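Starting from the known structure of chain L, fit chain P with the ligands onto it as the hints suggest.
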Amino acid sequence: MVMPNSQVWSPWVIDDIHAKAELGRYRIRGFSTFQKVTHFDDLTFLSTGLTRFPLEGYKERCSTRTVLGARYAENPLALDTPIYITGMSYGALSANAKTALGRAATLTGTASCTGDGGMLDREREASEKLIYQVLPSRYGFDPRHLAQAQAIEIVVGQGAKPGTGGMLMGVKVLDEIAEMRDLPTGIDQRSPARHPDWLGPDDLAIKIEQLREATDWSVPVHVKLGACRVADDVKLAAKAGADAVVIDSMVAGTGASAEVLLDHSGIPTVPAIVMAREALRELGLYGKVSLIVSGGIRSGADAAKALALGADAVAIGIAALIALNCNREIPGSDFMAEVGVPAGRCHHCQTGRCPVGITTQDPDLMSRLDPDEGAERVANFINSMTMEMALLTRSLGKSDVHSLEPEDLAALTVEASAMSRIPLAGTNKVFGD
Amino acid sequence: MNRRLKDLASEGADVTVVNPGARHNTAVGLLHPCKIDIRGSVGYYSASLMDGPEVTIDGNAGWGLGENMMSGRIVLSRDAGASAASTIRGGEVFVGGNAGARAGISMKGGTLVVRGSAGFLTGFMMQKGRIIVCGDVGEAVGDSMYEGVIYVAGSIGSLGNDAVLEDVSEDELLDVWGTLESYGVEERPVFAKIVSGRRLYHLDSLERLEKSAI
Ligand SMILES: Cc1cc2nc3c(=O)[nH]c(=O)nc-3n(C[C@H](O)[C@H](O)[C@H](O)COP(=O)(O)O)c2cc1C
Ligand code: SF4
Numbered sequence: 219m220v221m222p223n224s225q226v227w228s229p230w231v232i233d234d235i236h237a238k239a240e241l242g243r244y245r246i247r248g249f250s251t252f253q254k255v256t257h258f259d260d261l262t263f264l265s266t267g268l269t270r271f272p273l274e275g276y277k278e279r280c281s282t283r284t285v286l287g288a289r290y291a292e293n294p295l296a297l298d299t300p301i302y303i304t305g306m307s308y309g310a311l312s313a314n315a316k317t318a319l320g321r322a323a324t325l326t327g328t329a330s331c332t333g334d335g336g337m338l339d340r341e342r343e344a345s346e347k348l349i350y351q352v353l354p355s356r357y358g359f360d361p362r363h364l365a366q367a368q369a370i371e372i373v374v375g376q377g378a379k380p381g382t383g384g385m386l387m388g389v390k391v392l393d394e395i396a397e398m399r400d401l402p403t404g405i406d407q408r409s410p411a412r413h414p415d416w417l418g419p420d421d422l423a424i425k426i427e428q429l430r431e432a433t434d435w436s437v438p439v440h441v442k443l444g445a446c447r448v449a450d451d452v453k454l455a456a457k458a459g460a461d462a463v464v465i466d467s468m469v470a471g472t473g474a475s476a477e478v479l480l481d482h483s484g485i486p487t488v489p490a491i492v493m494a495r496e497a498l499r500e501l502g503l504y505g506k507v508s509l510i511v512s513g514g515i516r517s518g519a520d521a522a523k524a525l526a527l528g529a530d531a532v533a534i535g536i537a538a539l540i541a542l543n544c545n546r547e548i549p550g551s552d553f554m555a556e557v558g559v560p561a562g563r564c565h566h567c568q569t570g571r572c573p574v575g576i577t578t579q580d581p582d583l584m585s586r587l588d589p590d591e592g593a594e595r596v597a598n599f600i601n602s603m604t605m606e607m608a609l610l611t612r613s614l615g616k617s618d619v620h621s622l623e624p625e626d627l628a629a630l631t632v633e634a635s636a637m638s639r640i641p642l643a644g645t646n647k648v649f650g651d
Numbered sequence: 077m078n079r080r081l082k083d084l085a086s087e088g089a090d091v092t093v094v095n096p097g098a099r100h101n102t103a104v105g106l107l108h109p110c111k112i113d114i115r116g117s118v119g120y121y122s123a124s125l126m127d128g129p130e131v132t133i134d135g136n137a138g139w140g141l142g143e144n145m146m147s148g149r150i151v152l153s154r155d156a157g158a159s160a161a162s163t164i165r166g167g168e169v170f171v172g173g174n175a176g177a178r179a180g181i182s183m184k185g186g187t188l189v190v191r192g193s194a195g196f197l198t199g200f201m202m203q204k205g206r207i208i209v210c211g212d213v214g215e216a217v218g219d220s221m222y223e224g225v226i227y228v229a230g231s232i233g234s235l236g237n238d239a240v241l242e243d244v245s246e247d248e249l250l251d252v253w254g255t256l257e258s259y260g261v262e263e264r265p266v267f268a269k270i271v272s273g274r275r276l277y278h279l280d281s282l283e284r285l286e287k288s289a290i
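Quick mapping for you: the protein sequence lines, in order, are chains L and P. The opening position of the first sequence corresponds to residue 219 in the working numbering, with each subsequent residue numbered one higher. The opening position of the second sequence corresponds to residue 77 in the working numbering, with each subsequent residue numbered one higher.
Rather than coming from a laboratory, the hints here were simulated on the basis of the structure. No experiment lies behind these values; they were computed from the predicted model shown. Treat each hint with caution, since some may be false.
List of simulated lysine-lysine pairs, DSSO-like, C-alpha gap at most 30 Å [to be verified]: (1) P/LYS269 / P/LYS82; (2) L/LYS453 / L/LYS347; (3) L/LYS457 / L/LYS254; (4) P/LYS82 / L/LYS347; (5) L/LYS254 / L/LYS277; (6) L/LYS457 / P/LYS82; (7) P/LYS287 / L/LYS238; (8) L/LYS254 / L/LYS506; (9) L/LYS457 / L/LYS506.
Bound conformation, chain L alone:
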């Protein structure tokens, strides 16, 4: 008889202890958490029947236009879809990947975002709407790049590593990357966790004003937070004057993070959206301060559910990388040889050996990613997501994705009901209320 393995001492736990016994430190890896958490699959839409009429896809349009950051900015970020490409650093990503993502954003009328390492010229040329990150490290930060940005994002934290700074292992801190970041070549880079020039929310208000003054109050200032104490953090960011808050959940992707943080800090995307929405509502700022969410958005359904829960837009990271062929054997790639696992199980972005040229600085590996082909694939994917959103929205009898609301949803599990404050399917009960 074959016995099942222990649930406590699972093969994964055993392997983890073996790995740490050799390493003598915490483990670092890319991709995202491996924890099972409540996610968008635990919610479903209640499309129309006799109580509401659907819209006809072929003649009744559904708007996906999205305007972010109109609170104070003279030129808010106007997008053709509520989906944009999140900040991923040049360094974590190859130049070809950055360029492809920038072009894909332009092809779909949306935005892309820089990352912890500054603005790459090729990315700036490729992306018409580029969000410029202000991170604790300020690697490569240049006021001239700031002046060219269509929006600014102050990164307080990331969902994959809340409370710590970025990481880039020495294999990726090479030539142009080291130069752009003003770092010695080949060092294991640990970015600071705290901003160098402000500490608390009172200072943040002055910091936001500084960035506005530098850009003549023309572009929005976003504040990105790892989803932990969401309600209070969102209130503080909004009070400090943010035009938009970006909530990045524990499900969010990363190029490299300490595994202990990936798996054991933060809260999932679904409750994070709801908490952020309620926090803004309490301040009377819901609808005024834009709410952007990221972390595990994989499809138009996920994005639509995020909007129904209260978000104005979603940002995608790993999904865009998968569209670029992450975790897929392509001509010339060899996952087993490069990362020691088959395609589909790769989470090895931190090694710099990305078999498909996305998260690498190795010229041979990078050449496996053609920026034009990559841009087409990502643009197709974003377009598919946008169409899925519109389809779902019309099936709910609505002509604008921003009209999606919590009442359009039912929860499929008791946990999802409690976390989303949506009634459990088959009942009228919101659990946990």
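Chain P with the ligands alone, transformed into the frame defined by chain L:
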């Protein structure tokens, strides 16, 4: 005021600002060489995010004086708050009095000169450039610095993680004295020199118990 200053800066003008009222964000985002003379104290982030201007401030400054300057010069007559010259990538900042905590934090180039003393975590995670402190520095100076040099004439509260003392050569001393002279400082103190021990460069080259620092 910043819009007006930007217009004047783009013409390369000499500008005098009177009664700045310790306002935050005075002279932010100026990207052209020009001369700005501020007569009075300023708040947070003064003369920050700039590339090229020469700014003199007759008074005190709040946090983040000169933050992320690319090139140019700032001469402050009195004390600076925390994070003076943080993340600067070039240019020079001279503080005539004392500087608060985290002076020169994450500097990526350029020079910070403090005539008096500087506070806790001076030069934290500094990457490049020079910090010259004529007085004392507080605890944890140069903590986790990557590259760059910190010169201290007075007492050192304590060295930060991976910060080490190194001998100062005569040429270096002459160079530092030359910098002081350019700001009218006549004393010629002997400086201790602090650099990175480079032990944090590679996580896996650390001894077992040292890894607690990462
Ligand atoms: C390869 C990679 C690099 C990243 N680099 C950054 C970065 O430089 N700055 C940042 O704020 N977030 C960074 N992130 C996090 C993303 O901005 C975003 O929060 C996350 O990817 C969203 O979750 P998702 O990947 O599930 O869509 C990175 C993510 C990935 C996958
Ligand atoms: S295929 Fe590349 S981008 Fe995808 S997980 Fe592996 S290393 Fe990271």
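Against the structure, the hints:
no. : hint                : verdict
1   : P/LYS269 / P/LYS82  : violated (39 Å)
2   : L/LYS453 / L/LYS347 : holds (27 Å)
3   : L/LYS457 / L/LYS254 : violated (34 Å)
4   : P/LYS82 / L/LYS347  : holds (24 Å)
5   : L/LYS254 / L/LYS277 : violated (41 Å)
6   : L/LYS457 / P/LYS82  : holds (28 Å)
7   : P/LYS287 / L/LYS238 : holds (13 Å)
8   : L/LYS254 / L/LYS506 : violated (34 Å)
9   : L/LYS457 / L/LYS506 : holds (12 Å)
This entry does not satisfy hints 1, 3, 5 and 8, going by the numbered hints stated previously.
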